[in-house]
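Novice: Residues per chain are reported as follows:
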Amino acid sequence: MLAVVMFFRIVAPSHSFICALLIAVCCSPDRLSAETKSWPFRPVAEPNVPTTARVDWKSNDVDSFIQEKLDEAGIEPAPMADKTTLARRLYLDLIGLPPTPEELSSHLADSTPDAYEKLVNQLLDDPRYGEHWARFWLDLARYADTAGYEGDPDLPHAWRYRDYVIDSLNRDKPYDQFIREQLAGDELVDITGAGELPNPPAENLVALTFLRLAPFTEPRGDESRHEMLSEMTSTVSSVFLGLTVGCAKCHDHKYDPIPIEDFYRMKAFFATVQIPPPLRGDAFQIGGPTPTAFYREGEAEWATKKTQELRSQADAAKQKLPALIQRLNQRLGVFAGFGIQSLGGDFGNDYFFDQRLVTDDQTHVTVVNADKKRWGFFTDARPSTTQGSLAGANRGHWYSGIKQPTYASLGAATNGHGKPEAAFFNGQLAHLLVFNRPLSEEEIELPVSSLSQLEGLRLWLDASDLDGDSTTTNSTVQDSLTQDSEGRRKVEQWRAKVGQLTLRQSDPALQPTLSTLPGSDTPAVEFEDDFLSGDPQFLTMLKDATGSIVTVFSSRDQDESYLFEIGGQGQFIATFVNPTAKVDGGIEDVINDVTDDRITAEERQEVQSLRNLERFLPRQLKRLQPMAMTLRHSIGPPYEPGVPTSRVMLRGHWNDPGKEVEPGFLSAITGNQSPAPLRLDTFKRWPTRSRRKALADWIASPSNPLTARVIVNRLWYRHFGRGIVETPSDFGNLSEGASHEALLDYLASLLIKNQWSLKSIHRMICNSSTYRQISARTDEQASKRDPANVLLWRYPLRRLGAEVVRDRILHVSGRLNEEHFGLPIFPPLPDAIEQRVRYDNSKWATQYGPEGRKRSIYIYQQRTLNMPMLQVFDAPVCDQSRPKRLESTTPLQALALYNGPLVTAEVPYFADRVIAEAGDEPVDRIRYAIQVAWCRVATPDEIEQLADHYSQFDNDREAMISVCRILFNSSEFLYLN
Amino acid sequence: MLNRRTWLANVHNGLGALALADVLQASGPATNPYTPKTPHLPRKAKRCIFLFMQGGVSQMDSFEFKPELTRLHGQRIPGSHHVEGELQGRLTHAHSIVGSPFRFSQHGQSGRYLSELFPRLAGHVDDLAFVHGIETENPNHGPSTLQVTTGSQFPGSASVGSWISYGLGTENANMPGYVVIQDPRGAPVNGGHVWGNGYLPAAFQGTLLRNEGSPILNLARSSGISDQSQRAELEQLRKLNQRFNNQYPESTELEARIASYELAFRMQTEAPELVDLSSEPDHIRQLYGLDDSRTAGFGTQCLMARRMAESGVRYTLLVHGVQINSNSWDDHGDVKGGMTRHSQEVDQPVAGLLADLKQRGMLEETLVVWASEMGRTPFVPGNVGNKPGRDHNKYGLVMWMAGGDTRGGATVGATDDFSLRAAGEPIPIRDVHATILNLMGLDDEQLRYPHAGRLRRLTDIGGYVLKDLIL
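Protein chains in written order, with numbering that gives the first Met the number 0: chain A, 0 to 976; chain B, 0 to 470.
Treat the hints with caution; some may be incorrect.
Derived list of chain B stretches under chain A, where covered just means 3 residues or more per stretch with a C-beta under 8 Å from a C-beta of chain A [unchecked claim]: (1) 138-150; (2) 242-249.
Facing chain A, a subset of chain B residues (Cβ under 8 Å, in silico) [stated by the list, open to error]: (3) VAL188; (4) ASN189; (5) PRO200; (6) ALA201; (7) ILE283; (8) GLY452.
Hint data in this document are derived by calculation from the structure and do not stem from the laboratory. Since we're looking at a predicted model, the values are computed, not measured. Positions of the beta carbon are idealized from the N, C-alpha and C atoms, including for glycine.
Generate the whole structure from the sequences, applying the supplied hints.
Specialist: This is the structure in C-alpha cells:
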C-alpha cells in the first residue's frame with residue numbers, strides 16, 4: 000500500500016489524487032446498498048407516543064419521549080421551575096432579551112392556568128423573535144457583509160438577505176417555502192405561455208443571496224466557477240440535509256454512502272447558474288447585484304427617507320468638519336503642510352510628508368530645497384521635522400536620479416514613464432516655482448509675492464474639483480460627457496485654464512506645450528527632450544543635484560492634492576500635497592491615538608462621526624439602492640450558455656474532467672443514481688431553467704427523510720444547547736446518532752403535519768415539561784448515570800451567546816436602539832482596531848450615536864474583522880457554515896466585561912437609570928438593580944452584601960456605578976438557567 | 000459528541016477556558032485546553048517564532064544563487080517549462096530574464112551562497128536549514144498567504160500557531176499561548192485569518208499584541224478605577240458568583256469563570272512588564288537594530304518575540320510587511336530598490352534574534368521559521384527596462400528554519416537554473432507544515448480535530464516530514 004502511494008506521489012503530487020487512490024483501494028463497492036435503508040435515510044414515520052409518562056409531569060408528547068428514556072435510566076425528571084425563572088428563560092431563549100421589570104410583573108400577575116402558554120405565544124409573535132433566531136440561520140448561511148479573502152471587499156447588498164431571514168422567521172414562513180426561495184427563488188413561478196420569462200418576486204431574489212455568500216473574491220474563470228458551484232453544493236447539503244456531501248468532492252465519502260458521482264450529480268443542479276457580472280470598479284469580486292425592489296411593507300419609503308437623511312447629514316458634516324478641524328488645529332498649534340513623493344529613482348517607493356490638515360482656505364507655501372549635501376523642506380517657512388526615514392540616506396543626489404528628464408506632467412502620476420496611472424489633482428490653485436539652485440534661508444522665508452519674482456521655472460495649476468462633486472475624483476470626470484456652453488468637456492475646460500501657465504523660459508522655441516499624454520485624456524505639460532537640458536540653467540540644476548521647488552497653494556478641502564511630476568527613464572520626482580495622508584504627529588495621529596488627551600474623547604468621536612458620515616456616504620447610498628446580491632438561471636441559447644455537460648471532476652480538480660453525470664439526487668436517499676426528473680416549461684424554450692427548482696422541491700418534500708429531521712434538530716439544539724443529534728450538520732456515520740430517535744421523528748412529522756411551521760415546533764418544545772424543568776438540580780444518581788445530561792433530567796445551564804450578552808447589556812442600561820431592520824451598523828471598536836486590520840481604507844464607519852446601539856444581528860459582518868466583544872464570547876464571522884457555537888470561558892472575557900469599552904460606556908447609564916427609577920435609598924437601588932440585571936427578586940443576603948459595598952463610597956453615583964459593573968460581570972448575568 | 004460537562008479543569012493551573020470537550024476527546028482525559036500536553040515525539044523545541052515576510056520574497060535575490068540568470072539577462076527563458084496558469088501565461092508573452100543585481104558569496108562551513116543583502120544573517124548560515132522549490136496552489140497574495148499560514152488557500156482553516164498551541168498547550172498561564180506581533184505599519188493580507196483558529200476552538204486563536212498602549216486589548220483598567228477599588232469589586236463579584244455557583248455544584252464552568260477573573264488580572268500585571276523593552280540594555284537594543292530607524296520596526300518585533308519565548312509563550316508570529324504596497328516584499332517594479340530596503344529592515348533584527356537566542360542558550364529550545372507566501376519570477380514582462388521588478392511565482396517559495404532539532408546547514412529541494420520551479424519534485428507546503436509540527440514534537444497524523452464530517456489536520460491529507468532537515 001505504502002509503495003503505491005509513494006509511487007503516485009512522484010508522478011502526481013496532487014494530494015487529492017492520492018486520496019482518490021486510497022479510497023479506490025479501501026472502499027468496498029457495496030457500501031451503498033448496505034446502508035441505504037439505515038437511519039437517517041429511511042423515511043420519517045410518525046412514531047407511537049410512549050405511554051409510560053407520568054400524568055402529573057407530562058405537558059405534551061415531547062415529555063413522553065423524554066420520560067421514556069429517563070425511565071430506562073432510572074432517573075426522575077426534575078420539578079418545574081418557578082414562574083419568574085421560566086419567564087426569564089423564555090424571554091432570553093425566544094427573543095434574546097430579558098424581560099423588563101414591568102413585563103415580568105405583568106406576567107407574574109397573570110394567574111390564569113395558561114399564562115405560560117400565552118407568554119410563549121406572545122414572544123413567538125414578538126418581532127424581536129426573528130432578530131434573535133435569525134442568528135442561527137445566518138451562522139448556517141455563512142452570512143457576512145464582506146467577501147473575505149484578498150482585499151475583503153464590501154458586499155453592499157448582503158444585508159437585505161439578513162432582513163429577509165428575520166422577516167421570514169417572524170412571519171413563520173413555512174420552512175419548505177423558505178428552502179425553495181433560497182435555492183430556486185427565480186424559478187418558482189411556472190411558465191405557462193410562450194412569452195417572456197416571468198419576473199420573480201423581489202423577495203425570492205433576495206432569498207437567493209444564500210447561494211452567493213461563499214468567501215471568494217477571485218474571478219478566475221473556470222476554476223472559480225468550479226469552486227463556487229462546489230461550495231454551493233457542499234453548503235446546501237450540510238445546511239438542509241445535514242450531510243457532508245462536500246467530502247465527496249474529491250473521492251467517495253469515507254464514512255457515508257456518498258460516492259463521488261453523487262457530489263457531481265448534485266452539483267449539476269447548479270450548472271446553469273448565471274451570476275450577474277460585477278459592477279464597474281468591482282472587478283475583483285465574484286459577481287454583482289441585480290435590481291430588486293424593496294418588498295417589505297414600508298421598506299421602499301424607508302429607503303427613500305434614509306437616503307435623504309444620510310445625504311443631509313453628510314452635507315451638514317461637510318459644513319461642520321473643517322471648522323472643527325481648524326479649531327483643533329489651532330489648539331494643537333499645527334500648521335499647513337506639504338508632502339513630497341518619489342516613486343522610483345534613488346528614493347524607492349517612498350512618501351515623505353511634513354503634513355498638517357489644510358482646510359483653512361489660506362495661502363501656504365512649501366519649499367523643497369536641495370543642495371549637494373542635503374535636502375530639506377519647509378512648510379510656511381518652518382523647517383520640517385519629519386522628513387521620512389530616508390532623510391540623510393539620499394544626501395546630495397536627490398535630483399540626480401534623473402539623468403535626462405523627458406517630460407513633466409501636471410496632475411497625473413505617471414510612475415516615471417510618462418503614461419498616466421492615476422490623477423492626483425483635486426485642489427484649488429497651486430503655483431509651482433522650480434529653481435535651478437537652492438534657495439537661501441532668507442529666500443525661503445520671503446513672502447509669496449516676492450518669491451515669484453525670483454528666477455525660475457514657474458507653473459500655475461488650477462485643478463479644482465472639476466465637476467463640483469466631492470465624491471468623484473477628477474479621474475472619473477475624464478470619462479464624463481458633461482459639456483460647457485462651448486461643447487468642451489470638463490477636462491478640456493481645465494486644460495484650457497492650465498494653458499495659461501507661465502514659464503520663465505527665455506527661449507520661446509523651448510516653451511513647453513500643453514497636450515495630453517499618449518493614450519489618455521490626462522492633461523500634461525510636455526517638454527521637448529532637451530527643454531531642461533537644452534537650457535544650461537536647468538541642465539545645471541538637474542546634474543548638480545541642487546535646486547528648489549516651491550509650492551504655493553491655498554486649500555479648503557481636506558482631500559485636495561496637487562501633483563507636479565518631472566522625470567524620465569523610469570524615474571521621477573513628484574511633489575504634491577495630500578493633507579489626508581498619515582504622518583507622525585499630525586492631527587490625524589492625534590485623532591487616532593485614543594490615549595492622546597490633547598483632544599477629548601467627545602471631540603475625537605465628533606470628528607470621526609462627521610468624517611464617517613461624509614466618507615461613507617457613497618457606500619451607504621449604494622447599500623440603499625434597490626438591489627440584491629442574487630443569481631438566476633442562464634437564459635440559454637441563443638443569448639447565454641445553454642445546458643452544459645456536467646462531469647465528475649477527478650480529485651475535485653477543476654480541469655480534470657471524468658465521466659459525464661446528469662443532475663440527480665443523493666443515491667443514499669433514493670437508492671439509485673437515476674437522473675432527476677426536470678420539469679421544463681411547456682414549450683421547452685428555457686432548457687436551462689428548473690434545475691435548482693427540482694433540487695429544492697426534492698429537499699423541501701415531506702418524503703425527504705433528512706430535511707425535517709435536520710431542521711427540528713437544529714431548533715432543539717438552540718433550545719437546549721445540545722442537539723438530539725449532536726452534530727447538527729452531520730447526520731452521517733461520524734455523528735453519534737440520535738439520543739432520542741423517536742422524538743426527533745415525532746417532531747419531524749409534526750413539522751410536516753403543521754405545514755412546516757417552525758413556530759409550531761418552538762411552541763411544542765417550550766410548552767413541554769422537559770423545557771420547564773429547573774436547572775439547579777443535584778441528583779447524585781442522575782449525575783452518575785448521565786453526567787452530560789443527555790437525557791435532560793434538568794434544564795441545562797447555558798452561557799448566553801455573544802450577541803445576547805451585548806444586547807442584554809444595552810437593554811439593561813436602557814440604551815438599546817430597538818429599531819428593526821435596515822443598514823448594517825458599526826458600533827465603536829476598542830482602540831481603533833478597525834485601523835489595524837484594514838487593507839486600504841477602513842470599512843468600519845463607526846457610529847457613536849444610537850445607530851450603533853441597535854441589536855447585534857445588525858452589526859456589519861466584516862470577514863477580516865470580528866468585533867472583539869463578540870469574538871471573545873465565541874461569535875464567528877462566518878466563512879463557512881457554522882452549525883454550532885462554542886461556549887468557552889476565558890480570561891479575555893473577564894477583561895472584555897470588566898475593562899472593555901462597552902461595559903465601561905454602559906455602566907453609568909445603568910447606574911443613572913437605577914438612581915432615577917429606584918428612589919434614594921441604597922437598599923432600594925440595589926434591589927432594583929438586581930431586579931433589572933438578573934430579572935428576579937434579590938435575596939436579603941445579596942442586598943446586604945452589596946449595600947455594605949455601596950457604603951464604602953462617599954459618592955452615591957460612584958457607588959451605584961460600582962454595583963452595576965459587578966452585576967454586568969456576574970455569572971448570573973451571563974447564564975441562562 | 001461534544002460534552003461540555005465532562006471536562007474538569009484544574010483551573011488554577013491554566014487559563015480556565017472550557018467547553019472544549021471535543022478537543023479533549025482526542026487527547027484523553029478531560030482537562031484545561033491550555034494545560035501543557037505531552038508532545039508526541041521527543042523534540043528539543045518548546046517554542047516557535049514564525050517570521051512571515053508579506054509580499055513574496057524574491058528567492059534569486061536572497062537565498063538562491065542563479066548565475067545563469069545573470070548570463071542570460073535580457074533574454075527570454077530558453078526551453079519549455081511545465082508551469083501552469085498565470086506563470087504559463089506570462090512565459091508565452093514577451094519577457095526578459097532579469098539577473099540578480101546583487102552579488103552572491105559563500106558563507107559558513109556549509110559554503111552556502113547568500114546575496115549581499117543579508118550580510119548579518121550570513122553569520123548564522125550554518126544554523127539555518129533551507130527548503131527550496133516549495134509550491135503553493137495559487138499565485139496571489141491572499142490565497143497563498145493563507146496556505147502558508149493555515150495550510151489551506153481558503154479562509155476558515157486553523158493557523159499553524161493554533162495547531163501548535165492546541166497540540167502543546169501553554170507554559171505560562173498568565174499569557175496567551177499564541178501571540179501575534181504585526182508590522183507596526185499595518186495588517187497583512189487576510190488580516191486576522193492569518194492567525195485565525197478556523198475550526199479549532201476560539202481559545203487557540205492568535206492574540207494580537209498591540210504596538211502601543213496596553214499590549215492586549217482591554218488589559219488596562221478603565222479610568223477612574225484604582226487597583227484597590229478593582230480588588231474590592233472583584234471580591235464582591237467573587238462572592239456573588241460563588242453564591243450562584245452553590246446552586247450548581249457540578250458546574251465546572253462556573254468555577255472556571257471565577258478563576259478566569261483571577262487569571263485575567265494576573266495577566267494584567269504580567270503582560271505590560273513583558274512588552275516593556277525599557278529594561279533591555281543598550282547592547283541588546285543595538286543587536287536588534289533598535290537604534291536605526293530602518294530596523295527599529297522589525298527589531299522591536301523580534302526583541303518582543305524573544306521576550307515572549309522567554310516567558311513561555313508557545314508560538315509567536317511576526318509579520319513583516321503590510322498587504323500589497325511599497326511596504327511589502329511585492330516588488331513588481333524595481334526589485335533592486337525594493338529588496339535593498341526590505342532586507343535592510345529585517346537583516347539586522349533577524350540576525351540579532353538568532354544571536355540573542357543563542358547567547359542565552361534558547362536557540363536549542365526555540366524553532367525559528369522564515370517564510371513568505373511565494374517566490375518571484377526570474378523575468379519581467381516585456382523589456383528589462385531601467386528598474387525591472389519581478390512577478391509572482393507560486394513554484395519558487397524558499398523557507399528556512401533554525402533552532403531546536405533543525406539540522407543547521409541542511410538544504411532540501413532545489414529549483415532549476417532559473418528559479419522558475421522546483422528542479423526535482425516540488426515540495427508542497429503541507430510537507431513543510433508536517434516538518435514544523437515534527438520539530439515541535441507533534442505528529443501531524445495524530446494532531447487532529449473533528450470538523451464537518453472529517454478529522455481535520457493542518458496538512459489536510461497529510462504531509463511528508465522533510466527528514467533531512469531534522470537532526
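Novice: Hint validation: ASN189/B versus chain A, beta carbon distance must be below 8 Å. Holds or violated?
Specialist: holds, 7 Å
Novice: Can you tell me if the stretch 138-150 of chain B counts as covered by chain A, using C-beta to C-beta distances under 8 Å and a minimum of three residues?
Specialist: Per the Cβ count (4), the hint holds.
Novice: Can you confirm whether chain A covers the stretch 242-249 of chain B, using C-beta to C-beta distances below 8 Å and requiring at least three such residues?
Specialist: holds (count 7)
Novice: Would you check whether ALA201/B satisfies its interface hint, that is, whether its CB is within less than 8 Å of any CB in chain A?
Specialist: With a closest approach of 5 Å, the ALA201/B hint holds.
Novice: With 8 Å as the cut and Cβ atoms as the points, is ILE283/B at the interface with chain A?
Specialist: Result: violated, 22 Å to nearest chain A Cβ.
Novice: Should the hint that GLY452/B touches chain A count as held when the rule is a Cβ pair under 8 Å?
Specialist: This interface hint holds because 3 Å falls under the 8 Å limit.
Novice: Is the interface hint satisfied for VAL188/B? The criterion is a beta-carbon contact with chain A at less than 8 Å.
Specialist: At about 6 Å, which falls below the 8 Å cut-off, the nearest Cβ of chain A leaves the hint on VAL188/B intact, so it holds.
Novice: Would the hint on PRO200/B be counted as holding, given a Cβ-Cβ threshold of 8 Å to chain A?
Specialist: holds, 6 Å
Violated hints amount to a single one, hint 7; each of the other numbered hints is respected by the structure.
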